[in-house]
Structures are given as structure tokens and as C-alpha cells.
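Protein chains: 2
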Amino acid sequence: MKKLINEKENFLGDMLDGLKFHDKQVDVIEDTVVVRKKKKTKGAAIVSGGGSGHEPAHAGYVAQGMLDAAVCGEVFTSPTPDKVLAAIKHVDNGDGVLLVIKNYAGDVMNFEMAQEMAETEGHKVATVIVRDDVTIENKEQRRGVAGTVLVHKYAGYLAEENTSLDQIKEKVDEMMYSLYSIGMAVQPCMVPTTGDYGFDLGDDEMEIGIGIHGEKGIYREKITTVDVIADRLLDELFKHSESDNFILMINGMGGTPDSELNIVTKYVMASLEKRNKKVSKLLVGDYMTALDMQGFSLTVVDDNDELTTALNAPTESKYF
Amino acid sequence: MKKLINEKENFLGDMLDGLKFHDKQVDVIEDTVVVRKKKKTKGAAIVSGGGSGHEPAHAGYVAQGMLDAAVCGEVFTSPTPDKVLAAIKHVDNGDGVLLVIKNYAGDVMNFEMAQEMAETEGHKVATVIVRDDVTIENKEQRRGVAGTVLVHKYAGYLAEENTSLDQIKEKVDEMMYSLYSIGMAVQPCMVPTTGDYGFDLGDDEMEIGIGIHGEKGIYREKITTVDVIADRLLDELFKHSESDNFILMINGMGGTPDSELNIVTKYVMASLEKRNKKVSKLLVGDYMTALDMQGFSLTVVDDNDELTTALNAPTESKYF
Numbered sequence: 006m007k008k009l010i011n012e013k014e015n016f017l018g019d020m021l022d023g024l025k026f027h028d029k030q031v032d033v034i035e036d037t038v039v040v041r042k043k044k045k046t047k048g049a050a051i052v053s054g055g056g057s058g059h060e061p062a063h064a065g066y067v068a069q070g071m072l073d074a075a076v077c078g079e080v081f082t083s084p085t086p087d088k089v090l091a092a093i094k095h096v097d098n099g100d101g102v103l104l105v106i107k108n109y110a111g112d113v114m115n116f117e118m119a120q121e122m123a124e125t126e127g128h129k130v131a132t133v134i135v136r137d138d139v140t141i142e143n144k145e146q147r148r149g150v151a152g153t154v155l156v157h158k159y160a161g162y163l164a165e166e167n168t169s170l171d172q173i174k175e176k177v178d179e180m181m182y183s184l185y186s187i188g189m190a191v192q193p194c195m196v197p198t199t200g201d202y203g204f205d206l207g208d209d210e211m212e213i214g215i216g217i218h219g220e221k222g223i224y225r226e227k228i229t230t231v232d233v234i235a236d237r238l239l240d241e242l243f244k245h246s247e248s249d250n251f252i253l254m255i256n257g258m259g260g261t262p263d264s265e266l267n268i269v270t271k272y273v274m275a276s277l278e279k280r281n282k283k284v285s286k287l288l289v290g291d292y293m294t295a296l297d298m299q300g301f302s303l304t305v306v307d308d309n310d311e312l313t314t315a316l317n318a319p320t321e322s323k324y325f
Numbered sequence: 006m007k008k009l010i011n012e013k014e015n016f017l018g019d020m021l022d023g024l025k026f027h028d029k030q031v032d033v034i035e036d037t038v039v040v041r042k043k044k045k046t047k048g049a050a051i052v053s054g055g056g057s058g059h060e061p062a063h064a065g066y067v068a069q070g071m072l073d074a075a076v077c078g079e080v081f082t083s084p085t086p087d088k089v090l091a092a093i094k095h096v097d098n099g100d101g102v103l104l105v106i107k108n109y110a111g112d113v114m115n116f117e118m119a120q121e122m123a124e125t126e127g128h129k130v131a132t133v134i135v136r137d138d139v140t141i142e143n144k145e146q147r148r149g150v151a152g153t154v155l156v157h158k159y160a161g162y163l164a165e166e167n168t169s170l171d172q173i174k175e176k177v178d179e180m181m182y183s184l185y186s187i188g189m190a191v192q193p194c195m196v197p198t199t200g201d202y203g204f205d206l207g208d209d210e211m212e213i214g215i216g217i218h219g220e221k222g223i224y225r226e227k228i229t230t231v232d233v234i235a236d237r238l239l240d241e242l243f244k245h246s247e248s249d250n251f252i253l254m255i256n257g258m259g260g261t262p263d264s265e266l267n268i269v270t271k272y273v274m275a276s277l278e279k280r281n282k283k284v285s286k287l288l289v290g291d292y293m294t295a296l297d298m299q300g301f302s303l304t305v306v307d308d309n310d311e312l313t314t315a316l317n318a319p320t321e322s323k324y325f
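Going down the list, the protein sequences come from chains A and B.
Letter by letter, the first sequence follows residues 6 to 325 in my numbering.
Letter by letter, the second sequence follows residues 6 to 325 in my numbering.
Errors might be hidden in some of the hints.
Stated by the list, open to error - Calculated cross-link-like contacts (lysine-lysine; reagent style DSS-like; alpha-carbon spacing at most 27 Å):
#	chain 1	residue 1	chain 2	residue 2
1	A	Lys323	B	Lys45
2	A	Lys283	B	Lys144
3	B	Lys25	A	Lys43
4	B	Lys144	B	Lys94
5	B	Lys283	A	Lys42
6	B	Lys323	B	Lys144
7	B	Lys94	A	Lys323
8	A	Lys279	B	Lys25
9	B	Lys43	A	Lys323
10	A	Lys279	B	Lys283
11	B	Lys283	A	Lys286
12	A	Lys45	A	Lys7
13	A	Lys283	B	Lys25
14	A	Lys29	B	Lys7
15	B	Lys282	A	Lys29
16	A	Lys7	B	Lys144
17	A	Lys44	B	Lys279
18	B	Lys129	A	Lys323
19	A	Lys29	A	Lys47
To be verified - Only some residues are given here: those of chain A computed to face chain B with a beta carbon under 8 Å:
#	residue
20	Met20
21	Gly58
22	Asp232
23	Asp236
24	Asp240
25	Leu242
26	Phe243
27	Gly259
28	Asp263
29	Asp297
Quick caveat, the hints were computed from the structure, so don't treat them as lab data.
Every residue gets a Cβ at the ideal spot worked out from N, C-alpha and C, and that includes glycine.
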């Protein structure tokens, strides 16, 4: 298997041990819960997490201005409720905890179970569920993908501003009405625990609408030039987004070189210009990946002054 | 070809057009020379560059505290002397220009030709040639690889401190006595202009000592666990480096996911501990890549107070 790993059973533990060597802001408690060394003494705490394989999400965003804790499951596997509970208990300073959950059955079940357990112990806990992936027809079943990182940043900023837990939840829920993402791949990811690819693609094929766990897309076709690919993805996005003025994130899937992500950026921006769509803020980089997948995703969200301020606010995370 | 590109002939131009959309600090002059919008008005200017395909090097380091210009050639191809000359003329404010050149025949020839041309026009120009890749036996022929990025940061810091051009050259030349790198790959890179891989590797093979242009390594063997790979690379490095206290850069080759780079970090640090070697500063990330190659390189350089201060100094480059 072409993976830079030791024992595949220790993938998560090894990864977090390595992270601690160069991310001096974080500690790991309970083996898999990444927390800030400098614990916040006031303001709502923001907790997220989920299966691993999406690095730098979520552990890389544990930092001043973003997350207070990331609960890390095994690769593409939800963390258990007891770990989420441990995170809540660790970060709660009395001002309550917001759980940012990507919409997958396991994550929702385990984070909500932890919420209930924490509430019986007297913690105030709110949840927001991110469902930004437009490739699923049924809105309630939409998966949480790269847009989740914008939620982390917005919620983290609001908490720094001493916004109450209830208000943060309200504002983030509001933001999510206009949060839409779609992704594509030219190479699937190889899952280190199995050595298998999430799906198989022919040498001349690409997959439109993939998920971040190697889920297949909505259609597959011959690989073509990036200008056409950009048009395809934007066509799908604007079946949902009605915005003419928005924040855009162009997200690499983990194995996509910077050079290609920049080429993607050029043609996405050109396609938007033809559509008379205005990008008020642009983020380009690897934010929410699928292991070594080669491809990219686009995320849009309506611009507003507070959100723009939040995204521009400093954070000690080197990954945002 | 599994590449997110449009016309392969426009790879470089498209990439720089894309970069400008999200790196608001830079401008592109003469089609391929990336310069700071906010031109420095005093202090030596630092110029680097070379073939493309190593992103974020070199254009991503054009920023306050690092480079004043990056001269970008086509993929894995040296830029021409006239472009280097244009860069020198653009950035020189009278305090002279340092050219940081990776040791490849084309780069050295073209940058030195530009130096001569600039000098006849009255510019003061110095050069430093980076030769950090230990896989070449003959020291003079050693290639410049990831260590070049540390040179950018050191030189950029010294220039900000108003160190004279001569002194910067002297200090950087001194630093290079202890600068050593070695790389490995589990997957070669695909060159977008040809659709070919730099070399072919079997499904169970890895290559030790690769170059950043898809050059083959010094030996090939069955892929093994990261602890063993880390030992191998460090064995090679410490045939050259005599340091017990150094700065370490663990560099992803472009297609390596963050998760694996963190696992690499754990086992490199464990191997160093067994050797009683002390890392005074650790950098982990994609700094000098080879397109979408999967693998990593290690770079060491002797610690000293000024170098550590330089590496810790702020820069507006989001890639360092």
C-alpha cells in the first residue's frame, strides 16, 4: 500500500502525536480529543470533529479564533459519544458549548448523544448541523463538507466577541441557509485502513459531486479542461445558490498540487465573471480534504459584513 | 491526462493568473515575474525563481519578509536571462539585489547571465547558489532543493533588518555549510506538459533520494513502514550533517496528505531522539514540491540565534 504510515491501526494516534510536535498550541486528551493548551476562560466554546482523513480539518483549526476542541474519530469513522462528552467537559467554562456537526448519521447520533449526557451533567450545549453538499437532492440528507470550515471560523469569531451561545447558534443557522458546496475528483482517495480506493475511475475519467469520504459523485464523464469543469460545478451550485455577491472557497482535496488549484481558481473566476457574479472574499487552499484525493470543491455563502469580518479576523491556526 | 489544467502550453500563465486572484500582495510583470505590489524602498532586494512545479515555491514566497521577486520558468524549465534581468531592474532600489539560485545548470547559467547584464547597467548584484541535496556525491554538483526556502526566509529577514548586500551574502553562504536535504517518494509526479511520469515505480516500491523534478533517487526498494523510512533518510543525512542541535524542515512533495506528513513527523522525531539529536525548531508542510509527487524530504541546518530569529520573524507569505 502506497501510504506513509506505520501500523494502519495506529493511523490516528500517530497522526496526532506528529501534529503535537509542530502545532505547539494544542494538547491531546483522552487519546483523540485535540484541545487548546491555553483554555478559554470565558465565552462559549466551539467543538467540532468527526472521522479523520480530512486534514487539516478538524484538529488544525483548534486555535484562538476557531475551535476549542476537535474530537477525532478513526479514518472516515465518527468519534464515540464518550469522547465528545470529554471534549465538552474540558472546554466548558460556564458559558456553554456549541457542537458543529457535519451531517452524517454516525456523527449526528454520537454528538447528540454526548449533548444529552452533558446536559444531564449541567452543561449548556447547542448544536448546528452542516449540510452544504448540494449533490444530495433531499435537503435534510445533505452531507456536511468544506463549508464546515467557514462555520468554524464564523462561530470561533463570534465566541471571541463574547456573543452568547444562543446568539451564535442563531447566527450560524442563518448563515447556513446560503452555504452550498460541490466537489469533483480526477483521482479517488486510498483509504489507509483498507488499502482500497473509495471508487474506481478510468484513466480518462472524472467524477462530479464526490463526497469527502470517497463517496461516488452524481455523474462521471471523460476528463476535460478546467474551464468546462468549472462551468459544470458552478451550474450545479447556482441551481441552489441565488446569491450575486458571495464568499467563495476553492478547496483542494488533499492530493491536488497548488499549481492546479491556482489554475482552477483562474477559470472559476472567469466563469463567475461571465455570470455577473461578484466574489467579495476568496479563499484558496486545502481546508477539508479526503486523504490524498486529487480534485477540488467549491463553496459559496452569502456575504454579510459580520461574516466577512469574521473570516478576516486573525486566528492562530496556521491552516486558515 | 489526470490534470486540472486547460491548455498545457498555458500552465504557467494560467497558474499565475489564478494566484493573483487570492494573493493580493503580488503583481506579475513581463508575464512570468512575480513581484510585490508594495515595492521595498530601501534595503537589499531578494530574488529567486526557477522552473515551475514546486509550488508554493517560489511565487508564494514573494511577500514582506521573504522574496521581492520570483522569476518563474515553465514547468521544470529555467527562466530566461531577460526575465531575471527584468526582475532585478524592477526590485533594485539602489541597495543591490541578491539572487538565490538552486544549483541546476540552466538556472545557474541564466541567473548569472542576467547578473552580468544587470551589472553592466550599473546594478549591484550578488548570487548565492543552493546545493543542499546530499544524494549527489560531488559537492559542487549537488542540487538545490527544499533548503532553498530556508535561505529565502533568512535572506528576506536580513534584508528587512537593513543588512548590507555583502553581509547578507556572507551570512547566507555561511548558513549553507550546514544545510542538507534528502527526499523520497512513494508516487512519482506527472509532468503536465508531457503527461509522463518522471520515473516509474512498482506498486510496492519507493524511491530514496529523489530530486524535485522527478529525477530518480539513489536506490529503490520495497515500500516499508515510516519508522524504517525515517531511519534511512536520517542515516543518509547524518553522513553529512554533524550537528546535534538543528532546525528541521519536513517537507511534503505536493501530493502527500497532511495526515501522512504528521505520521512522518512522529517517526522522524522518534528516530532523532534515539540519536540524541535536538531539534530547536521544526517546520512541517508543503514548502518545495514536485507537482503531485507523494513523498517527503528532510532538511537540516545548524541552529544559531540569528537564523532562529529569522525563521520566527513574521512574513506576509501565507505559505511559510
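Evaluated hints:
no., hint, in the structure
1, A:Lys323 - B:Lys45, "holds (26 Å)"
2, A:Lys283 - B:Lys144, "violated (53 Å)"
3, B:Lys25 - A:Lys43, "violated (36 Å)"
4, B:Lys144 - B:Lys94, "violated (32 Å)"
5, B:Lys283 - A:Lys42, "holds (23 Å)"
6, B:Lys323 - B:Lys144, "violated (33 Å)"
7, B:Lys94 - A:Lys323, "violated (34 Å)"
8, A:Lys279 - B:Lys25, "holds (19 Å)"
9, B:Lys43 - A:Lys323, "holds (24 Å)"
10, A:Lys279 - B:Lys283, "violated (55 Å)"
11, B:Lys283 - A:Lys286, "violated (42 Å)"
12, A:Lys45 - A:Lys7, "violated (41 Å)"
13, A:Lys283 - B:Lys25, "holds (16 Å)"
14, A:Lys29 - B:Lys7, "violated (37 Å)"
15, B:Lys282 - A:Lys29, "holds (20 Å)"
16, A:Lys7 - B:Lys144, "violated (32 Å)"
17, A:Lys44 - B:Lys279, "violated (33 Å)"
18, B:Lys129 - A:Lys323, "violated (37 Å)"
19, A:Lys29 - A:Lys47, "holds (22 Å)"
20, Met20, "holds (5 Å)"
21, Gly58, "holds (7 Å)"
22, Asp232, "holds (6 Å)"
23, Asp236, "violated (12 Å)"
24, Asp240, "violated (17 Å)"
25, Leu242, "violated (17 Å)"
26, Phe243, "violated (19 Å)"
27, Gly259, "holds (5 Å)"
28, Asp263, "holds (4 Å)"
29, Asp297, "holds (5 Å)"
Checked against the numbered hints above, the structure violates hints 2, 3, 4, 6, 7, 10, 11, 12, 14, 16, 17, 18, 23, 24, 25, 26; every other hint is satisfied.
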